[in-house]
Amino acid sequence: MTDENIVRLYWDRNEQAITESSGKYGAYCHSIAKNILFDQSDAEECVNDTWLHAWNAMPPNKPNVLSTFLGKITRNISFDLYKRLHREKRGGRNIDLVLDELSEIVSGKDDVENHFEEEELKREINEFLKGETDERRRMFVLRYWYADSVIDIARRFETGENNVSVTLNRMRNKLKSYLTERGYDL
Amino acid sequence: MKKEELFEVLGDIDDKYINEARKSNPGKKKTILRWTSLVACAAILISAVFVTPLLTKKPAGTQPDYPKGVVAMAAVYPKAVGVGMTAEEFLESDESYTWWTELRDRINKAYGLSYDMEDYNLELMSNVLVSDKENTVCSPLNTYIAFSMLAEITEGNSRKQILDMLGCNDIQELRKTNKLLWESNYADTPVFKSVLANSLWMNEDIEYNKDTIKTLTDNYYASAFSGRPGSKEYSEALRMWTNYNTGDLLKDYTEGMEIKEDTVMELVSTIYFKAAWSNFFSKSLTQKETFHGVNGDTTVDMMHSSELTTYYSTDLFEAFALDMTDSGSMYFYLPKEGVDVNELASDEEVLKVLHHEYASNNPDKATDAFVNMSVPKFNVSAQTELIDTLTKMGVIDVFDDSVADFSPLTKEDRDLFLSKVDHTAVLEIDEDGVTGAAFTEIAITEGAYIVDLSVDIVLDRPFMFIVKAEDGSVLFSGIVRNIE
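Keeping their order, the protein sequence lines are chains A and B. Residue numbers for the first sequence follow my numbering, beginning at 1 and rising by one. Residue numbers for the second sequence follow my numbering, beginning at 1001 and rising by one.
Take these hints with a grain of salt, some might be off.
[To be verified] Straight-line C-alpha distance at most 30 Å; calculated DSSO-like pairs for lysine-lysine:
id: 1; chain 1: B; residue 1: Lys1003; chain 2: A; residue 2: Lys176
id: 2; chain 1: A; residue 1: Lys34; chain 2: B; residue 2: Lys1016
id: 3; chain 1: B; residue 1: Lys1003; chain 2: A; residue 2: Lys109
id: 4; chain 1: B; residue 1: Lys1411; chain 2: A; residue 2: Lys34
id: 5; chain 1: B; residue 1: Lys1377; chain 2: B; residue 2: Lys1411
id: 6; chain 1: B; residue 1: Lys1365; chain 2: B; residue 2: Lys1377
id: 7; chain 1: B; residue 1: Lys1288; chain 2: A; residue 2: Lys34
id: 8; chain 1: A; residue 1: Lys174; chain 2: B; residue 2: Lys1003
id: 9; chain 1: A; residue 1: Lys122; chain 2: A; residue 2: Lys62
id: 10; chain 1: A; residue 1: Lys174; chain 2: B; residue 2: Lys1023
id: 11; chain 1: A; residue 1: Lys130; chain 2: B; residue 2: Lys1023
id: 12; chain 1: A; residue 1: Lys174; chain 2: B; residue 2: Lys1002
id: 13; chain 1: B; residue 1: Lys1411; chain 2: B; residue 2: Lys1260
id: 14; chain 1: B; residue 1: Lys1377; chain 2: B; residue 2: Lys1283
id: 15; chain 1: B; residue 1: Lys1002; chain 2: A; residue 2: Lys34
id: 16; chain 1: B; residue 1: Lys1016; chain 2: A; residue 2: Lys122
id: 17; chain 1: B; residue 1: Lys1003; chain 2: B; residue 2: Lys1193
id: 18; chain 1: B; residue 1: Lys1002; chain 2: B; residue 2: Lys1160
id: 19; chain 1: B; residue 1: Lys1232; chain 2: B; residue 2: Lys1411
id: 20; chain 1: A; residue 1: Lys176; chain 2: B; residue 2: Lys1002
id: 21; chain 1: B; residue 1: Lys1392; chain 2: A; residue 2: Lys130
id: 22; chain 1: B; residue 1: Lys1179; chain 2: A; residue 2: Lys176
id: 23; chain 1: B; residue 1: Lys1003; chain 2: A; residue 2: Lys34
id: 24; chain 1: B; residue 1: Lys1109; chain 2: B; residue 2: Lys1079
Honestly, the hints are just simulated from the structure, not real lab data.
When you get a sec, could you build the whole thing from the sequences and use the hints?
Structure, rendered in structure tokens:
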């Protein structure tokens, strides 16, 4: 079924919308939740919550790309649950590694004073990504949006893990200086 | 800023970047949708001797080019949908939406019929699927349709015995049931095929009752053929039609098909089914593993997957189901240690688990779980002679020419009887099945829940399977005892 038709089902308040969404994007959303949570049942719970959130979000929303619309919901819910569950215990899980990598870009301090426009920041990051090659941009998004493991990314690009790690490392440094140059002290 | 906040900010990057990241790499091998192919065919032959013509010569049907001397009136079947599209294109098309909505309506109309067919299905399975060493497989729905046509051409006690076996009160009810079953089970799209076909093979020298023939062509979508039984051409046409309607998958068995000289009418019913898994088996996880068959150990391609699904555990078996895109589900039953797989063939709970409400009514036997499944690739086929089975199921008169009543067929005075009832079926499940397809029935409607059970099921010894259509019909059932 087309995304448009699924969205139409949501607007029609037809519960089939949920069946169709989970049929078409269940696996996709599950893969995102699993990367962030690691625990099968937690991930499943977040995916199920995704449909509920989608149900409440449509209408008013009419997303053009349903996959990312749903994926973003899953990512948010999963990350919220992650923060709730893992406030104390941190360790070598995939998502922890992803966050540790991101900590190289930020100071780690609470930004009470430095309260900048988040929308502005998002635009800058999009600009930064636009300037990258397709392959590097995809690697970055897979790692920091999907929280895919380095080994999965390496497999996708049929390259070595080391190559992926090095590429990501360079991109983080580049993003940090890109943002600093534009006045962001993260 | 904290790293968690940055992670959240990154969550809102441009959709197109998120989208392109997961796309397969250009120039690299594309994932190909693969099919599960299933096929079955049933044939019923009625033999006797005699003469007189009925059919006006009409142009031959659209399908195969039948040999000279054979007159064919092809039934009009629903048009294929999404012709020329790939599976992916079809799933994204508006045509798919319209087709699916209409099918949904037809399925709703047929809903519940499968419950009435349950006694018949169980009785058939308990007769056909039991064996010591051989693999067994049959298509209950296919035989049901074939025997319904048989009921149409009989009268009196002969018909009553068939109606009783099929669990139907009268012929009108049976006719209506068949029409609904047909319409809810007929599908021909790039993603899913469930193609039913019926045919009548008449003797050009016999005068048939036109009303009966019309009933069969109208209500059972039967193609009508007329020719000279015993001729090479007529038997060749029969094989062509059957091969065409079973996707050439049963050629080994159709070779021996023939319309013998003394045939008054032959009825052939076919089903061709092709569906893709909703959730794929990852090819990289398939391994060579041992299957402990009845005839000894063999090395098989074992597919592996982990899926959130309903896990059934009864006194006799453990079971789970895999969904197919736009279609029904396939159930796998592994007998518990110490239980003979033959016991499952007559266990009514095997069919009860197919009911949607089974899980909620039997929380002690059905739970949601992550099933770590190991499923071997297999291809089983079997030809079964059904005369004994019919006799055991109470259909007796039609086999005895002194009492058999085939009066609806022809007014001519003949001693007709049923001389041959063969059922042939093949079922294969294909390895990595489906990638990127889209219809599942995970229990989303019940809302969010947490699953904490995880079970392993390894189908490495004889097991049973059932392929259930979306309307609940049992399309195929079988027992795998050995895998070559």
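Here's how the hints hold up against the structure:
no.: 1; hint: B:Lys1003 x A:Lys176; in the structure: holds (13 Å)
no.: 2; hint: A:Lys34 x B:Lys1016; in the structure: holds (22 Å)
no.: 3; hint: B:Lys1003 x A:Lys109; in the structure: holds (9 Å)
no.: 4; hint: B:Lys1411 x A:Lys34; in the structure: violated (71 Å)
no.: 5; hint: B:Lys1377 x B:Lys1411; in the structure: violated (51 Å)
no.: 6; hint: B:Lys1365 x B:Lys1377; in the structure: holds (27 Å)
no.: 7; hint: B:Lys1288 x A:Lys34; in the structure: holds (28 Å)
no.: 8; hint: A:Lys174 x B:Lys1003; in the structure: holds (17 Å)
no.: 9; hint: A:Lys122 x A:Lys62; in the structure: holds (22 Å)
no.: 10; hint: A:Lys174 x B:Lys1023; in the structure: holds (25 Å)
no.: 11; hint: A:Lys130 x B:Lys1023; in the structure: holds (17 Å)
no.: 12; hint: A:Lys174 x B:Lys1002; in the structure: holds (19 Å)
no.: 13; hint: B:Lys1411 x B:Lys1260; in the structure: holds (22 Å)
no.: 14; hint: B:Lys1377 x B:Lys1283; in the structure: holds (12 Å)
no.: 15; hint: B:Lys1002 x A:Lys34; in the structure: holds (23 Å)
no.: 16; hint: B:Lys1016 x A:Lys122; in the structure: holds (14 Å)
no.: 17; hint: B:Lys1003 x B:Lys1193; in the structure: violated (51 Å)
no.: 18; hint: B:Lys1002 x B:Lys1160; in the structure: violated (79 Å)
no.: 19; hint: B:Lys1232 x B:Lys1411; in the structure: holds (28 Å)
no.: 20; hint: A:Lys176 x B:Lys1002; in the structure: holds (14 Å)
no.: 21; hint: B:Lys1392 x A:Lys130; in the structure: violated (74 Å)
no.: 22; hint: B:Lys1179 x A:Lys176; in the structure: violated (68 Å)
no.: 23; hint: B:Lys1003 x A:Lys34; in the structure: holds (20 Å)
no.: 24; hint: B:Lys1109 x B:Lys1079; in the structure: holds (20 Å)
Checked against the numbered hints above, the structure violates hints 4, 5, 17, 18, 21 and 22; every other hint is satisfied.
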